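Spelled out from the first residue to the last, the chains are:
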Amino acid sequence: MDIKQAALPTAAAQTADESAPMVRRRILAAGVSGAALSLLPWLSDRAGAQARTAPPTSGGATTATTPATTTPPTTVAPAPTTTAPPKRPTTADIELLAVAQSIELAIRDLYDAALGAKSFEGATAEAVTAIREAHEAYAQSISGLIGSDAKGLRSEKLYNAQRSNFTGSTTSVAQAAAKLENVASATHLEILGSLIGIDAAALIASVLVVEARHATVLNTIAGASTLSNQLANDGVALSPADYPVK
Amino acid sequence: MTIMNNQTSPDSFVTAEPLSRRGLLRVGGLTIGFAALVAACADEVKEKKPARVGDVTPPAKLPDAVVTDGVLFRTAASVHYSIIDAHKISKELGKLSPEQTSIVDAYIAANETAIRDLAKFTTDAGSKPWTCANPRFDRVLLTPIRAHITGRPKEGSEESDVAPSDDPTRDSLALAYAMETVAAEMHQSFVPQLSLPKYRAAVMQQSQAAARRAAALALAINPANIVNPLSLKNANVSTPTTVEATTTTAAQEITKTSAATTTTVAKPAPFDFQQYYAIPSQFGSLNAVQLAVGVPSGGAQFTINLETPSLNSFIYDYQTEC
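Taken in sequence, the protein lines are chains A and B.
For the first sequence, our numbering begins at 1 and goes up steadily by one.
For the second sequence, our numbering begins at 1 and goes up steadily by one.
None of these hints come from the bench; they were simulated from the model.
Source: prediction; values computed, not measured.
Take these hints with a grain of salt, some might be off.
[Unchecked claim] With a straight-line cut-off of 20 Å between C-alpha atoms, the simulated SDA-like cross-links for lysine to any residue are: (1) Lys198(B) with Leu115(A); (2) Lys87(A) with Lys88(B); (3) Lys88(B) with Gly23(B); (4) Lys233(B) with Asp112(A); (5) Lys198(B) with Pro240(A); (6) Lys198(B) with Asp112(A); (7) Lys87(A) with Pro144(B); (8) Lys233(B) with Leu115(A).
[Stated by the list, open to error] Anything over 10 Å on all C-beta distances counts as not near chain A; from chain B, calculated: (9) Asp55; (10) Lys95; (11) Asp124; (12) Lys128; (13) Thr131; (14) Val140; (15) Lys198; (16) Arg212; (17) Arg213; (18) Ala224; (19) Asp272; (20) Gln274; (21) Ile279; (22) Ala288; (23) Pro296.
[What the hints assert, rightly or not] Computed beta-carbon distance windows for the label pairs: (24) Ser157(B) with Asp112(A): 50 to 60 Å; (25) Pro223(B) with Ala117(A): 51 to 61 Å; (26) Leu153(A) with Ser297(B): 54 to 64 Å; (27) Phe273(B) with Asp112(A): 55 to 65 Å; (28) Thr171(A) with Pro98(B): 43 to 53 Å; (29) Phe273(B) with Gly223(A): 22 to 32 Å; (30) Asp242(A) with Ala60(B): 33 to 43 Å; (31) Lys88(B) with Gly122(A): 50 to 60 Å; (32) Lys120(B) with Gly122(A): 41 to 51 Å; (33) Gly122(A) with Gly126(B): 45 to 55 Å.
Each residue gets a CB set at the ideal place from its N, CA and C atoms; glycine is no exception.
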């Protein structure tokens with residue numbers, strides 16, 4: 001097939017060919033306009049929906065919360081009656097924690113005295129060593145919580161009062177240690193009832209629960225023959241005012 | 001036949017056209033823009049309900065679940081009820097000695113005392129005391145534990161029946177220990193959630209009592225299990241003396257071909273049962289308590305993690321009936 005160079009259309013040919021594109025373009029224009037107009041209600045709906053920012057008010061089924069979910073309800077709950085406690089210890093907390101630390105260090109040193117005097121042997125000595133280490137860890141944890149406010153000093157008053165009880169036979173020292181663990185546990189419980197800061201409360205709670213176990217173990221080492229003797233909890237809390245940190 | 005060419009259309013062909021392609025696009029764009037403008041300015045649609053045929057019951061509105069101090073006390077009481085149920089399972093299935101039974105009886109009484117104390121604090125906190133077991137705790141924990149002590153036929157996709165325990169006494173005492181440990185942990189876990197210091201002290205009073213019971217039971221199960229070896233390691237105590245001597249097993253002599261065709265088969269190593277310690281950790285742990293019960297199978301025992309209660313097992317104030 002030959003490709004010929006087309007001659008310029010004449011005016012007559014142009015007039016004759018005009019009618020087809022004209023119709024097409026008008027149909028297209030009408031179609032686009034029609035489509036745009038048909039979208040109008042939908043767009044209007046969308047615009048109206050976007051304008052709504054507030055969630056539906058209570059009363060609808062959509063605000064219900066499921067107890068099994070992990071998201072606490074945020075809408076129609078009754079207003080809390082108390083403000084959330086602080087995480088960090090308050091000034092008053094720090095004073096109480098310093099007393100707790102001095103008691104822990106005194107207990108650690110008393111165990112050191114007992115172990116130095118060979119009051120325990122074998123597996124019992126190992127257990128007592130682990131208990132001694134635990135008390136040191138408690139003191140260190142308090143230091144970590146209150147920083148430079150921690151004096152890191154044992155309570156000389158408590159140490160001197162108990163020192164003579166921590167030398168002697170396994171039974172007598174274990175009895176004294178069990179009583180001291182009960183005293184420590186009761187003291188921490190008393191302190192816990194005054195602590196405001198959550199972090200301090202959580203720490204003291206994790207300490208006193210294990211000191212209760214220490215007491216049971218030491219009662220058993222001391223020869224407790226009945227369950228009630230094993231579980232004996234005769235500790236009286238020390239008053240922080242009586243054991244100030246110097 | 002149309003003549004093909006490479007000539008551009010003359011200007012007159014376009015300019016003579018009243019509606020050009022560009023004009024068409026312009027008109028279309030203006031129309032759409034105008035439509036969007038009108039839509040944005042339209043009134044808010046009030047009625048959003050789609051048209052429908054028939055009537056559908058609206059979904060029920062679930063009550064609001066708010067964690068309050070009272071809810072925590074109610075939950076604690078419910079778990080103590082469940083622990084009493086667990087102790088009764090121990091008595092029922094454990095073939096316990098009189099001494100062991102008296103320990104479990106004492107623990108049941110102690111849990112009843114705890115429930116009474118918690119009821120008082122529940123009322124103080126403005127909630128109604130809860131008077132029965134925790135349904136989720138029973139369903140998710142106690143039911144499978146019981147099944148692995150008593151044995152049961154296979155269910156669902158299980159391949160075989162659950163065999164009854166080879167040592168119900170061991171499993172029952174382990175169950176009692178685990179329950180008291182869970183009680184201690186539960187109360188400790190509530191400390192950061194309670195709003196008032198006096199409530200925190202109240203739960204820790206229960207926590208330390210439960211911890212004492214757990215420690216005493218650990219020593220009753222095995223007097224040598226005083227301190228977890230990991231704690232001993234932390235304390236730099238070199239060798240725990242309570243470890244049993246390792247058992248040596250003879251290697252199987254397969255290659256040795258003697259006149260006699262008997263071969264020495266290696267003895268299976270004794271199963272390493274879960275150990276429970278009077279002092280399991282240096283600080284009070286909030287980890288899940290692992291309880292292993294049932295007959296060892298395939299080198300393992302059925303082990304279940306006992307978690308402290310959380311949002312899906314709390315006893316909320318809207319729950320009014322046991």
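Right, here's what the structure says about each hint:
{"no.": "1", "hint": "Lys198(B) with Leu115(A)", "in the structure": "violated (37 Å)"}
{"no.": "2", "hint": "Lys87(A) with Lys88(B)", "in the structure": "violated (40 Å)"}
{"no.": "3", "hint": "Lys88(B) with Gly23(B)", "in the structure": "violated (89 Å)"}
{"no.": "4", "hint": "Lys233(B) with Asp112(A)", "in the structure": "holds (18 Å)"}
{"no.": "5", "hint": "Lys198(B) with Pro240(A)", "in the structure": "holds (17 Å)"}
{"no.": "6", "hint": "Lys198(B) with Asp112(A)", "in the structure": "violated (34 Å)"}
{"no.": "7", "hint": "Lys87(A) with Pro144(B)", "in the structure": "violated (39 Å)"}
{"no.": "8", "hint": "Lys233(B) with Leu115(A)", "in the structure": "holds (18 Å)"}
{"no.": "9", "hint": "Asp55", "in the structure": "holds (15 Å)"}
{"no.": "10", "hint": "Lys95", "in the structure": "holds (20 Å)"}
{"no.": "11", "hint": "Asp124", "in the structure": "holds (13 Å)"}
{"no.": "12", "hint": "Lys128", "in the structure": "holds (15 Å)"}
{"no.": "13", "hint": "Thr131", "in the structure": "holds (19 Å)"}
{"no.": "14", "hint": "Val140", "in the structure": "holds (12 Å)"}
{"no.": "15", "hint": "Lys198", "in the structure": "violated (6 Å)"}
{"no.": "16", "hint": "Arg212", "in the structure": "violated (5 Å)"}
{"no.": "17", "hint": "Arg213", "in the structure": "violated (7 Å)"}
{"no.": "18", "hint": "Ala224", "in the structure": "violated (7 Å)"}
{"no.": "19", "hint": "Asp272", "in the structure": "holds (20 Å)"}
{"no.": "20", "hint": "Gln274", "in the structure": "holds (18 Å)"}
{"no.": "21", "hint": "Ile279", "in the structure": "violated (5 Å)"}
{"no.": "22", "hint": "Ala288", "in the structure": "holds (16 Å)"}
{"no.": "23", "hint": "Pro296", "in the structure": "holds (27 Å)"}
{"no.": "24", "hint": "Ser157(B) with Asp112(A): 50 to 60 Å", "in the structure": "holds (58 Å)"}
{"no.": "25", "hint": "Pro223(B) with Ala117(A): 51 to 61 Å", "in the structure": "violated (24 Å)"}
{"no.": "26", "hint": "Leu153(A) with Ser297(B): 54 to 64 Å", "in the structure": "holds (56 Å)"}
{"no.": "27", "hint": "Phe273(B) with Asp112(A): 55 to 65 Å", "in the structure": "violated (36 Å)"}
{"no.": "28", "hint": "Thr171(A) with Pro98(B): 43 to 53 Å", "in the structure": "violated (27 Å)"}
{"no.": "29", "hint": "Phe273(B) with Gly223(A): 22 to 32 Å", "in the structure": "holds (28 Å)"}
{"no.": "30", "hint": "Asp242(A) with Ala60(B): 33 to 43 Å", "in the structure": "violated (59 Å)"}
{"no.": "31", "hint": "Lys88(B) with Gly122(A): 50 to 60 Å", "in the structure": "violated (38 Å)"}
{"no.": "32", "hint": "Lys120(B) with Gly122(A): 41 to 51 Å", "in the structure": "holds (45 Å)"}
{"no.": "33", "hint": "Gly122(A) with Gly126(B): 45 to 55 Å", "in the structure": "holds (54 Å)"}
Checked against the numbered hints listed earlier, the structure breaks hints 1, 2, 3, 6, 7, 15, 16, 17, 18, 21, 25, 27, 28, 30, 31; every other hint is satisfied.
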